[in-house]
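Engineer: Using the numbering used here, read the sequence shown as starting at 1 and increasing by one per residue.
Worth flagging that the hints you see were computed from the coordinates, not collected in a lab. Careful: at least some of the hints might be erroneous.
[Unchecked claim] Okay, the calculated beta carbon distance ranges per label pair:
id: 1; residue 1: H67; residue 2: P165; range: 26 to 32 Å
id: 2; residue 1: G96; residue 2: A122; range: 22 to 28 Å
id: 3; residue 1: D57; residue 2: P21; range: 34 to 40 Å
id: 4; residue 1: K25; residue 2: P157; range: 21 to 27 Å
Since the structure is predicted, the reported quantities are computational estimates derived from the model, not experimental observations. Cβ atoms here follow ideal geometry from the backbone N, Cα and C, with glycine treated the same way.
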Amino acid sequence: MVSTRRRTRHICIRDPYDCRPDDEKPSLLVVHNISLPPGEFGGPWIDALFTGTIDPDAHPFFAEIAHLRVSAHCLIRRDGEIVQYVPFDKRAWHAGVSNYQGRERCNDFSIGIELEGTDTLAYTDAQYQQLAAVTRTLIACYPAIADNMTGHCNIAPDRKTDPGPAFDWPRFRALVALSSHKEMT
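All chains, please: the whole structure from these sequences, using the hints.
Structural biologist: Written out as structure tokens, the structure is:
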């Protein structure tokens, strides 16, 4: 469970997630982006996709994705609200066919966090702050994540582009480091 100063919602879903193989501990953080419909923010559609309840007739794009069985551990909305869908010790279905440093099936050993956004629109300060806070919490539980943070585009480069060029990796890493340093002092 994530605990931050901002409001956090927890949505229980029966599917699609399952147990990690051999109780493997997460060692990789994968940053994604999502907007539904594409380029639109704030609606109920991301929750609907990740809970398997999206209405294929509600928007033309939804007919293309309604069959997907996908999930993420968390979503960070534009205003910084965190929605947790899958417990971190479980395997969410966010990475698909993927490879990180020669290791396939990234869902087995990763945590997937979605940012409400697009590849080309700047992410909000609230999103960076919350992502850093969640990451700090994850590193406390799963120290290997500190050295293993990447984008979906890096583990599935032939299929995915997120979080895209709009994501400021140096800023994110600095916030994580700053946050970690503050906790030590």
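Engineer: All hints are to be evaluated individually against the structure, with a verdict given for each.
Structural biologist: Verification of the supplied hints:
Between H67 and P165 the beta carbons are some 29 Å apart, a value that agrees with the proposed interval 26 to 32 Å. Between G96 and A122 the beta carbons are some 26 Å apart, a value that agrees with the proposed interval 22 to 28 Å. Between D57 and P21 the beta carbon distance is about 37 Å. The supplied range of 34 to 40 Å therefore holds. At roughly 26 Å, the beta-carbon separation of K25 and P157 lies within the given 21 to 27 Å, and the hint holds.
Figure legend: structure checked against the earlier numbered hints; every hint is met.
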